[in-house]
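Novice: Here is what each chain is made of, one letter per residue.
There are 2 protein chains.
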Amino acid sequence: MNQSDHQAALAAIVGAANVLTNAADQAAYLTDWRKHYTGRAMAIVRPGSTEEVAAVVRHCATHGIAIVPQGGNTGMAGGATPDTSGQAIVMSLTRMNRIRKLDVTDNSITVEAGCVLATIQQAAINVDRLFPLSLASEGSCTIGGNLSSNAGGTGVLRYGNTRDLCLGLEVVTANGDIIGARADGEVRGLRKDNTGYDLKDLFIGAEGTLGIITAATLKLYPAPRARVTAFAALATPRAALQLLTLAQQRCGATLTAFELISDLAISLVERHYPPHRSPFAVRHPYAVLMEISDHEDEAHATAMLEGLMEQALEDGLIDDAAIAQSLSQSDDLWQLRERVSEAQAMEGKNIKHDISVPISRIADFIETTDALIAAAWPGVCMVNFGHLGDGNLHYNVSPASGETEAAFMAKQGPVNKLVYDSVERFGGSISAEHGLGQLKREEILRYKPATEVALMRTIKAALDPQGIMNPGKVL
Amino acid sequence: MNQSDHQAALAAIVGAANVLTNAADQAAYLTDWRKHYTGRAMAIVRPGSTEEVAAVVRHCATHGIAIVPQGGNTGMAGGATPDTSGQAIVMSLTRMNRIRKLDVTDNSITVEAGCVLATIQQAAINVDRLFPLSLASEGSCTIGGNLSSNAGGTGVLRYGNTRDLCLGLEVVTANGDIIGARADGEVRGLRKDNTGYDLKDLFIGAEGTLGIITAATLKLYPAPRARVTAFAALATPRAALQLLTLAQQRCGATLTAFELISDLAISLVERHYPPHRSPFAVRHPYAVLMEISDHEDEAHATAMLEGLMEQALEDGLIDDAAIAQSLSQSDDLWQLRERVSEAQAMEGKNIKHDISVPISRIADFIETTDALIAAAWPGVCMVNFGHLGDGNLHYNVSPASGETEAAFMAKQGPVNKLVYDSVERFGGSISAEHGLGQLKREEILRYKPATEVALMRTIKAALDPQGIMNPGKVL
Chain A
438 MNQSDHQAAL
448 AAIVGAANVL
458 TNAADQAAYL
468 TDWRKHYTGR
478 AMAIVRPGST
488 EEVAAVVRHC
498 ATHGIAIVPQ
508 GGNTGMAGGA
518 TPDTSGQAIV
528 MSLTRMNRIR
538 KLDVTDNSIT
548 VEAGCVLATI
558 QQAAINVDRL
568 FPLSLASEGS
578 CTIGGNLSSN
588 AGGTGVLRYG
598 NTRDLCLGLE
608 VVTANGDIIG
618 ARADGEVRGL
628 RKDNTGYDLK
638 DLFIGAEGTL
648 GIITAATLKL
658 YPAPRARVTA
668 FAALATPRAA
678 LQLLTLAQQR
688 CGATLTAFEL
698 ISDLAISLVE
708 RHYPPHRSPF
718 AVRHPYAVLM
728 EISDHEDEAH
738 ATAMLEGLME
748 QALEDGLIDD
758 AAIAQSLSQS
768 DDLWQLRERV
778 SEAQAMEGKN
788 IKHDISVPIS
798 RIADFIETTD
808 ALIAAAWPGV
818 CMVNFGHLGD
828 GNLHYNVSPA
838 SGETEAAFMA
848 KQGPVNKLVY
858 DSVERFGGSI
868 SAEHGLGQLK
878 REEILRYKPA
888 TEVALMRTIK
898 AALDPQGIMN
908 PGKVL
Chain B
438 MNQSDHQAAL
448 AAIVGAANVL
458 TNAADQAAYL
468 TDWRKHYTGR
478 AMAIVRPGST
488 EEVAAVVRHC
498 ATHGIAIVPQ
508 GGNTGMAGGA
518 TPDTSGQAIV
528 MSLTRMNRIR
538 KLDVTDNSIT
548 VEAGCVLATI
558 QQAAINVDRL
568 FPLSLASEGS
578 CTIGGNLSSN
588 AGGTGVLRYG
598 NTRDLCLGLE
608 VVTANGDIIG
618 ARADGEVRGL
628 RKDNTGYDLK
638 DLFIGAEGTL
648 GIITAATLKL
658 YPAPRARVTA
668 FAALATPRAA
678 LQLLTLAQQR
688 CGATLTAFEL
698 ISDLAISLVE
708 RHYPPHRSPF
718 AVRHPYAVLM
728 EISDHEDEAH
738 ATAMLEGLME
748 QALEDGLIDD
758 AAIAQSLSQS
768 DDLWQLRERV
778 SEAQAMEGKN
788 IKHDISVPIS
798 RIADFIETTD
808 ALIAAAWPGV
818 CMVNFGHLGD
828 GNLHYNVSPA
838 SGETEAAFMA
848 KQGPVNKLVY
858 DSVERFGGSI
868 SAEHGLGQLK
878 REEILRYKPA
888 TEVALMRTIK
898 AALDPQGIMN
908 PGKVL
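As you go down the protein sequences, you meet chains A and B in turn. All residue numbers for the first sequence refer to my numbering, where the first residue is 438 and numbers rise by one. All residue numbers for the second sequence refer to my numbering, where the first residue is 438 and numbers rise by one.
Since the hints were made in silico from the structure, they are not lab data. Built from N, CA and C at the ideal position, the CB exists for glycine as well. Mixed in with the good hints, there may be bad ones.
[Unchecked claim] Computed from the model, here is a short list of chain A residues facing chain B with C-beta under 10 Å: (1) ALA620; (2) THR682; (3) HIS732; (4) ASP807; (5) ALA811.
Please model the entire structure based on the sequences and the hints provided.
Specialist: Here you go:
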């Protein structure tokens, strides 16, 4: 069969309108979100059901055609972009966007892979429930991509990563079998089921290299009655760690966010998004953004945060504190955190790292790594922020004053290596929440023990012996 | 090599004192906790370190010797008992019982597989932290067994199964590689790490059939400031479900236990453990035991429970309620739940089922299945209790009045089949928290889709091609 025969065979499965073959139609699917990678594809195939996904996979398996699954195309590591051979198909799951089921007693929702995250959040809100996964691209990313990359975000401290929010998966394997669904099409989603190997967690975070996630049953939580945000000024990341321990003791599971932001990061947001400003009259080296989600009421949540801040001031952990008195004040504080990436991008290119270390080592990591970078490249700027409660930093490096972008970006390799070597010495991970994709596929070999890489290869070879599932990603 | 050569080779690795070959020394390792299975072994081998485990595995891999890993030997499904061939070794991990590390800022503890669960709980208490895994055998079960069977228990509603409490694993694979440990021997335990396949969750719940868990890094939580227990009288499981939803809304994450107990179950405890009595003057068909773990104080927790109970009475969900006013009252209420199994055993043998269904279907499941059983075997008694908040019931059947034990137990096969077929129709699991072991290894084939069984076999063949890891269990 030649390419047009394959295109016709795929059209017979999903309909001609859902097999995109010309350049203009394909363009949006071939370049990643960060515009680092552009590939080519034999076709963009848009199945409308699990059965269609399975039939497409069987066709590809028979003919050895590579499949690149894609959701909202918002990935940070090029995991959903095909290579330049033009031999693969991109399978876009966005047509599979139904909410199949929602049960308030089970506190669960069953959704298809192409559901946009914000749609799921809203469906939960509509029945007084919370789906706690929340991240910057929530308006366009899909849950299939969130699951495939085990996305993190701002609610991990309390609710865990996407993996922790998943009760059951429907998956099409590399040979076209459908697993995880009952005979009636329902996706299993039990709170307890110890009947053999944990197949679901093998596909979560595998970035489409072992099979295609087509639907999932996810956890919901009762909607909190109140959310209250506070901003605390601190001198050091070490003080922030002590504040974290105190907040966990005093607030328990009501503590749902604990974000560290350096003063430089705040300054960049203030410069580029002027309505948003630090609530403090004077500058402080660091700030922590905290959120309490309370099942009682706003007065109770505010009192809890006030009590915490008073004790933190007394203990000398913080220098100042502000508690949002309204939803709009709370949103303002959150913008100081959420706009950092965009504000930094407006200054020009920078070298990003999505890393994690054990929480207890974050302060040492920052001190040590800042010093190493300052010694190697005097004058470069550290824009340092992230999910302190999870040990996850977005540890970004910007050019020294007056340095050209080209000169600075030429340092990317050595800067990455210095940062990742430091992460490794502190027992951390070079990809905390963004995955490996094609971006860190080579780099990980430097840090992951050979025995673990070998085991990953064994699993890949067993589940996808032809290597048709998203080749060139992860491994 | 003959058997005594192998015994000598193993003694050279772990020391002669740690290779048990005579019948008297071996006996305690060869029969399971419930005394359903007795096997034989070439030797009981008791390694003292991960390196010794790896060396033993390499010896066994070279010579095709089967390995049956064993912890506290408290399993409910015969998963740690060898077959009767006498060709396997039992590898007891109980000498590996060190707590390697505890970090209060990370809220994590690294323990060896042979650590007794209660020891880990106590280590956490000593630093004002909570390790929330709690189950009946906690005084003798080991964490390696808890992880290998993904144990549940009474804290799952809030904290999840053992899987959810694990941040990282050290494992010896079937070829004798050690994975999950850093070069310095520390077991990785990051809150976020998206650098490839989730190897850890493959070994959790695999019951030793894919590799041997030698150590783990586990989550700790801040110790709650107060725990308050309540007991509510209800007419039906359906009312209990409505109470669960109400409790989740009003108490959020402070709700840490929600157990259903039938009146017959309570009566059995009262008969056999007379100091423990229902707090209510009259009988009610069902009771719910609830626990609040509060990060504020006892007054706050008690007020929250009182408010909940008042509303539940007003809404007509419950008929009566009692809130424990002291630790000893609280312990009394818990005994009514925890003594059920023992009390039922004192009445004679019964047919047990550890099943789960979606939470929303529990009431329908009980009604339907009770009726089917009553029609098939008039007069038999249902002793029904369990973790309602997780959809997990211990749905046990006792003989009709006057029926001999032998006559009753002859029905075990058909009773199991009726119950499990009903579980399947309700979309449930035939093993919620006890695993498959050798007990349900055949039965699961009736209920798990063939595609999923095939995928499990593919994984087993890839990770343990010789089939030496705990053969005859799970698959």
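Novice: A separate judgement is required for each hint: does it hold in the structure or not?
Specialist: Consistency of the hints with the structure:
For ALA620 (chain A), the interface hint holds, since its Cβ comes within 10 Å of a Cβ in chain B; the closest pair sits about 8 Å apart. The interface hint given for THR682 (chain A) is met, as the beta carbon of that residue sits about 6 Å from the closest beta carbon of chain B, less than 10 Å. With its C-beta approaching chain B no nearer than about 3 Å, HIS732 (chain A) sits inside the 10 Å limit, and its interface hint holds. For ASP807 (chain A), the shortest C-beta to C-beta distance to chain B is roughly 20 Å, which exceeds 10 Å, and the interface hint is violated.
Hint status for ALA811 (chain A) relative to chain B: violated, with the closest Cβ pair at about 26 Å, above 10 Å.
Against the hints set out earlier in the document, violations occur for numbers 4 and 5.
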